[in-house]
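Asks: For the record, the sequence lines run as chains A and B.
If you count the first sequence from 1, position 87 lands on 525 in our numbering, and the numbers rise without skipping.
If you count the second sequence from 1, position 421 lands on 859 in our numbering, and the numbers rise without skipping.
Hints are supplied without guarantee of correctness; some may be wrong.
Since the list can't tell identical chains apart, any single copy or any two copies may satisfy a pair.
As the list claims (entries may be wrong) - Computed cross-link-like contacts, BS3-like style, restricted to lysine-lysine with a CA-CA straight-line distance of at most 25 Å:
hint	residue 1	residue 2
1	K827	K720
2	K590	K497
3	K721	K442
4	K814	K552
5	K441	K814
6	K719	K629
7	K720	K792
8	K719	K552
9	K522	K721
10	K522	K648
Hints listed in this document are in silico derivations from the structure and should not be mistaken for laboratory results.
2 protein chains.
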Amino acid sequence: MQKKIRNAEILCVGTELLMGHTLNTNAGYIATQLSSLGIPSYRQIVIGDNPSRLLEQIKESAKSSDLVILTGGLGPTLDDLTMKTAADAAGRSLVLHQPSLDHIESHFRNLNRKMSENNKKQAMLPEGATVFPNTNGTAPGAMFSCPAATQKEPNHEAFLVLLPGPPSEMKPMFTLSLEPILKDMAPYYLKSEYVHLIGIGESAAETAIKDLIEAQDNPTIAPYASEGECMFRVTQRIDEDTDADLLTPLIEELKRRFTENIYEIGTRSLPEVVLDMLKEKKKTVSFAESCTSGMVSSFMGDIPGASSSFMGAIVAYDNQIKERLLNVSSEILETDGAVSERCAAAMAEGCRNKMQTDIAVSITGIAGPDGGTEEKPVGLVYIAISDDKSTKVISMNGRGNRMRIRRVAALNAFDLIRKSLL
Amino acid sequence: MQKKIRNAEILCVGTELLMGHTLNTNAGYIATQLSSLGIPSYRQIVIGDNPSRLLEQIKESAKSSDLVILTGGLGPTLDDLTMKTAADAAGRSLVLHQPSLDHIESHFRNLNRKMSENNKKQAMLPEGATVFPNTNGTAPGAMFSCPAATQKEPNHEAFLVLLPGPPSEMKPMFTLSLEPILKDMAPYYLKSEYVHLIGIGESAAETAIKDLIEAQDNPTIAPYASEGECMFRVTQRIDEDTDADLLTPLIEELKRRFTENIYEIGTRSLPEVVLDMLKEKKKTVSFAESCTSGMVSSFMGDIPGASSSFMGAIVAYDNQIKERLLNVSSEILETDGAVSERCAAAMAEGCRNKMQTDIAVSITGIAGPDGGTEEKPVGLVYIAISDDKSTKVISMNGRGNRMRIRRVAALNAFDLIRKSLL
C-alpha cells in the first residue's frame with residue numbers, strides 16, 4: 439500500500455448516530471488525526487444500518503476519495519453489516535480469519551462467558567485484507583482496496599478502512615494499526631506541536647496573537663478551545679523545499695507572550711503535568727472535594743502510576759462529613775457557610791492533617807442548577823491549597839451548566855497545584 | 439407545501455466541523471427532532487466551506503431525498519456561501535428581503551454597534567423562499583423547493599431548508615418556524631421507548647430475543663451497546679391504520695425475558711435510577727473507592743439533588759489510607775492484599791462506620807495497565823456492599839483499558855446497590 443492518498447472521507451455507520459441517540463465523536467477524532475497526518479478530508483457522512491443504502495454510499499464515496507474510513511457496524515448482531523457490505527463493494531468474499539477468532543474466543547474465556555454463535559461473524563473478514571487487532575474489544579478492523587472507476591480515472595481504486603464504532607476500541611486501533619500505514623501514504627509530511635494554556639479564554643488568547651494568526655503561512659497556528667482551557671496547534675508542512683525547523687522560533691514567541699499560562703508543550707493533560715511535577719519534587723497530594731464530588735481524584739486516578747504521589751481523598755458532600763472527617767468547625771459552617779473562603783481553607787487543612795500529605799487541595803462551590811443566591815450565585819467555587827508553609831484560597835465564578843462548572847473547578851484545582859510547584 | 443416528505447437528510451456546512459475543531463451537535467439534534475416528527479432521515483453529511491463541492495453535494499442530496507436540511511454558512515463573512523450556493527442549485531436568484539434587513543439593522547442598533555456592510559448580505563434570500571426569522575442572531579433561515587429530476591422520478595423536487603450554524607440560533611428557528619411546517623408533511627408518527635439493561639452483554643441480550651428481532655415489523659426493536667451496559671429502543675409507527683398501543687405488550691415481554699437485568703424503561707441513567715431508589719427508601723449511601731478513585735462518587739455528584747442521599751466518600755488510593763481512614767487491618771493487607779474479597783468487605787464496613795450511612799459500597803481492583811499478576815490479573819475488581827444486616831462481596835474480570843475497567847466497575851457498584859434495594 440505505497441500509493442499516496444490525495445484525499446479522504448469518513449463514513450460513520452449506525453442508526454443510533456443517524457437518529458441522534460449517540461453523539462458522533464468519531465468523525466471529529468478521525469478528521470483531526472488525518473489533518474495532523476497531512477491527509478485532507480473533504481466530507482463526513484453518517485448513514486444507518488441499511489445494507490443497500492450503505493452499499494450505494496460506499497461505492498459513491500470510493501469514487502470521490504482515495505481513502506474511505508468507515509466506523510461502526512462491526513458488532514456481532516444481525517444489523518452489524520458494515521464488513522459484509524464493504525466486502526461486497528470491493529468484490530471480495532468474506533473468509534475466516536483464524537487469529538481473530540482465537541482472540542474473540544479468549545476474550546470470552548477471560549470473561550467467564552460463553553461465546554455466542556454470532557460472535558464468530560466478527561472473524562469473517564474480506565479476502566486479502568490487512569487485519570487490525572482490537573486491543574479493547576472483539577471486532578477486528580480491516581483495510582483493503584476497492585475498485586472505483588470514474589470517467590476521469592478509469593483505473594481508480596480507493597482504500598476502504600473499517601474500524602469499530604465504540605471510541606474506546608476505535609481510537610487505539612487508529613493509533614496502533616492505521617496511523618503507521620497512513621504515515622507513509624500522506625502527500626506530504628506535517629510536524630505539529632501542541633501548546634496548552636490555562637487561565638486565559640480562547641478569544642483573549644487569540645487576540646494576543648492576532649498578528650501571528652493573520653501572517654501565518656508555514657507554520658500554521660490553529661486555536662482550539664475546550665472547557666476551561668485552550669490550545670494552539672502549530673504545524674509545519676515539510677517537503678523537499680522546506681526542512682528547516684520553523685516550529686521552535688514560533689513556540690518561543692508563544693512562550694514569551696503567554697508565560698505562566700502555558701502548562702504544556704506536548705500532549706500531556708494538566709493532571710498528567712501536575713502528577714509529573716509532584717513525582718519530580720517527591721511530594722504527595724490529597725483532595726477534599728465537595729461540589730466536584732470525586733472528580734479531581736478521578737482525574738488523578740485516570741493516570742497510570744498515580745499512586746506514587748496521590749494518596750487519596752475525602753469527598754465531603756454533606757456538611758456532617760466536612761465536620762466529622764475534615765474537622766471543619768460548626769462555627770464556620772454556620773457563620774460563613776460551606777461555600778466560603780474559610781470553609782475551603784479549613785477543608786484543605788483538615789484533609790492535609792488527616793491524609794498526612796505534603797499538599798492538600800479542597801474544592802467547595804455551587805454547581806447548580808439550584809442552590810444559588812444573589813450573594814452566592816451558581817458557579818461560585820472556592821479552591822484552597824495547603825502545604826507545610828501556608829494555606830491559600832482562590833475563588834472562581836464558573837459559567838455554564840453543572841458539569842461544566844465542576845470540570846472547570848477541577849482543572850483550576852490542578853492549576854493551583856501546578857503554580858505552587860513552579 | 440402540503441406534499442408528504444418520505445425521507446430527509448442533513449447537510450452541515452463548515453470547515454471547522456470537517457476539521458474536527460467543532461463537535462457537530464446540530465446533526466444529532468435535527469435527527470432527533472425529525473425522528474419524533476415521524477420523518478425518516480437516512481443520511482447526515484458534513485462538508486467544508488467550498489462552493490463547488492457544496493453545490494455538487496446539494497444537487498446529489500436533493501436527488502436522494504425529499505427534504506435536505508442544511509446548517510451553517512449563513513454568516514456575514516466571505517466564506518459563508520451556503521445561501522448563494524443553495525439558491526444556485528435551485529435555479530433561484532437572490533433578492534433583498536426587506537423585513538430581514540430591518541431585523542439585522544435593529545439588532546445592531548440594540549447592541550449599540552455599527553452594522554458592517556457585509557451583514558447586508560444576510561438579507562439577500564432566494565426568490566420565492568419561505569423566510570424564517572432568527573430570534574437569537576442576525577441570519578434568517580429559508581425554505582424553498584429545488585428541482586432534482588432523477589431517472590425514476592423526472593418531476594422530483596426536494597425542499598431545501600437553510601438554518602444557521604450556531605445551535606443557539608438553529609434550535610429556536612427549528613422549533614418556532616420549521617417544525618409547524620414539517621408536522622403537516624410527515625408521513626406518520628413514531629413513538630419510542632428505551633429499555634436499559636445491565637449485567638448482560640449485547641450479543642447475549644440479542645440472542646435472548648432473536649425471535650422478536652427477526653419477526654419485527656411494527657414495533658421495531660433496535661439494540662445499542664455501550665461500556666458495561668446495553669439498551670433496546672422499541673419504536674411503534676403510528677398512522678391511520680394502527681393507533682393501538684403495541685409498545686406496552688412488547689415491553690412486558692422484554693421484562694419477562696430479562697427480569698432483573700432491566701434497570702430502566704425510560705431515559706434515566708443507572709446512577710439516576712439508584713439515586714431515585716435511595717430517595718424513595720430514605721437511605722443514605724457512601725463509597726470507599728480504591729481503583730475507581732472517586733469516579734463512583736463523581737457519577738453521583740453529576741446528578742442535581744444527589745445530596746439528599748449521598749453523604750460522601752473516602753478515596754483510599756494508598757494502602758495507608760485504607761488502614762488509617764477505613765480501619766482495614768494490616769493483617770488483611772499483608773495476607774490477602776488490597777485487591778481481595780476480605781479487603782473489599784473491610785473497606786465497605788469501615789466506610790459505613792466512618793460515614794454513618796445506611797449503605798456503604800467499596801471498590802478495589804487492578805485497573806492496569808501494570809500491576810497485574812497471574813493470580814490477580816489486570817481487570818480483577820472486588821466490589822462490596824455493606825448495610826445494617828450484612829456485607830456482600832462480588833468480583834468481576836474487566837476487559838479493555840484502564841478507563842474501561844474503572845467505568846465498568848463503577849457501573850457494577852451502582853448495580854449492586856440497585857439489586858440490594860429491589
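Asks: Taking the hints in turn, state whether each one holds.
Replies: Hints, one by one, checked against the model:
Taking CA atoms no more than 25 Å apart as the test, K827 paired with K720 passes inside one copy only; the shortest distance there is 16 Å, against 44 Å between copies. Taking the shortest Cα distances, K590 and K497 sit within 25 Å of each other both inside one copy (16 Å) and across copies (20 Å). Taking identical chains as interchangeable, the C-alpha atoms of K721 and K442 are never at most 25 Å apart, the minima being 50 Å within one chain and 63 Å between chains. For a Cα distance limit of 25 Å, the shortest separation of K814 from K552 across copies, 22 Å, qualifies, whereas the shortest one inside one copy, 55 Å, does not.
For the identical chains of this complex, K441 and K814 are neighbours neither inside a copy (62 Å) nor across copies (46 Å), given an alpha-carbon limit of 25 Å. In this assembly of identical chains, K719 and K629 lie within 25 Å of each other by CA distance neither inside one copy nor across copies; the values are 32 Å within and 58 Å between. With identical chains, the CA atoms of K720 and K792 are at most 25 Å apart within one copy only, with a shortest distance of 19 Å there and 30 Å across copies. In this assembly of identical chains, K719 and K552 lie within 25 Å of each other by CA distance neither inside one copy nor across copies; the values are 49 Å within and 37 Å between.
Taking the shortest alpha-carbon separations for K522 and K721, neither the intra-copy value of 55 Å nor the inter-copy value of 51 Å comes in at or below 25 Å. With identical chains, the CA atoms of K522 and K648 are at most 25 Å apart between copies only, with a shortest distance of 20 Å across copies and 50 Å within one.
Violated hints, in rising order: 3, 5, 6, 8, 9; the structure is consistent with all others.
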